[in-house]
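So the protein lines, in turn, are chains X and B.
Heads up: the first sequence runs through residues 1 to 112, numbered per our numbering.
Heads up: the second sequence runs through residues 113 to 223, numbered per our numbering.
Errors might be hidden in some of the hints.
Unchecked claim - Here are the computed lysine to aspartate or glutamate pairs in the EDC-like style, where the Cα-Cα straight-line distance is at most 16 Å: (1) K14/X <-> E68/X; (2) K115/B <-> E138/B; (3) K97/X <-> E208/B; (4) K115/B <-> D86/X.
It should be emphasised that the hints constitute simulated quantities derived from the structure, not laboratory data.
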Amino acid sequence: DTGVSQNPRHKITKRGQNVTFRCDPISEHNRLYWYRQTLGQGPEFLTYFQNEAQLEKSRLLSDRFSAERPKGSFSTLEIQRTEQGDSAMYLCASSFKVNEQFFGPGTRLTVL
Amino acid sequence: AQKVTQAQTEISVVEKEDVTLDCVYETRDTTYYLFWYKQPPSGELVFLIRRNSFDEQNEISGRYSWNFQKSTSSFNFTITASQVVDSAVYFCALSEWKLTFGTGTRLTIIP
């Protein structure tokens with residue numbers, strides 16, 4: 001399968017714990033995006049990488065959130081001191097061209 | 113700021129009926145792209161179509177068709193002869209370089 005992959009697919013954690021998600025983009029895609037989707041809403045943009053550089057961060061990305069893309073390959077999204085409001089689907093997308101994003105299956109986070 | 117409005121929260125139709133999903137967008141950009149995605153219960157976003165702002169031709173792909181009208185800032189999606197497998201949440205999205213999504217329309221096809 002050469003699509004975007006995300007791990008884990010599901011994560012249940014207790015409030016206050018740290019969690020980390022991984023996204024593996026399509027090979028050779030230099031652009032990588034993170035989105036968050038809460039129940040009943042459309043996905044909302046969180047952050048964008050071009051190669052290893054994080055070029056844009058949404059105001060939705062509080063100080064408890066950090067994203068990295070070492071060496072411009074896979075990316076990780078970490079949430080520290082999780083809160084119940086962080087419960088959502090976290091979607092990763094990658095692209096080679098602008099305006100052509102391919103989405104992964106998402107990681108569903110539940111914070112108890 | 114960019115904005116996408118999908119006023120229809122939920123639609124239910126009987127199988128084989130035609131159904132149109134509405135999308136209205138706002139942008140100050142002269143160059144932009146519009147998208148439709150399907151999200152089945154599994155959660156993955158499935159790309160359906162991309163249209164750039166300079167191409168106002170309607171498009172048909174099998175049972176799916178799209179009507180782009182720049183004058184009314186609308187990009188509507190019609191499913192002809194609906195099937196149960198069409199049941200999903202459908203999102204319209206607008207892009208400069210990041211995607212701005214609408215809130216989605218939940219479509220239920222009743223057998």
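Hint by hint, here is what the structure shows:
1. K14/X <-> E68/X: violated (23 Å)
2. K115/B <-> E138/B: holds (5 Å)
3. K97/X <-> E208/B: Distance of about 12 Å is within 16 Å: holds.
4. K115/B <-> D86/X: violated (23 Å)
Figure legend: structure checked against the earlier numbered hints; hints not met, in rising order: 1 and 4.
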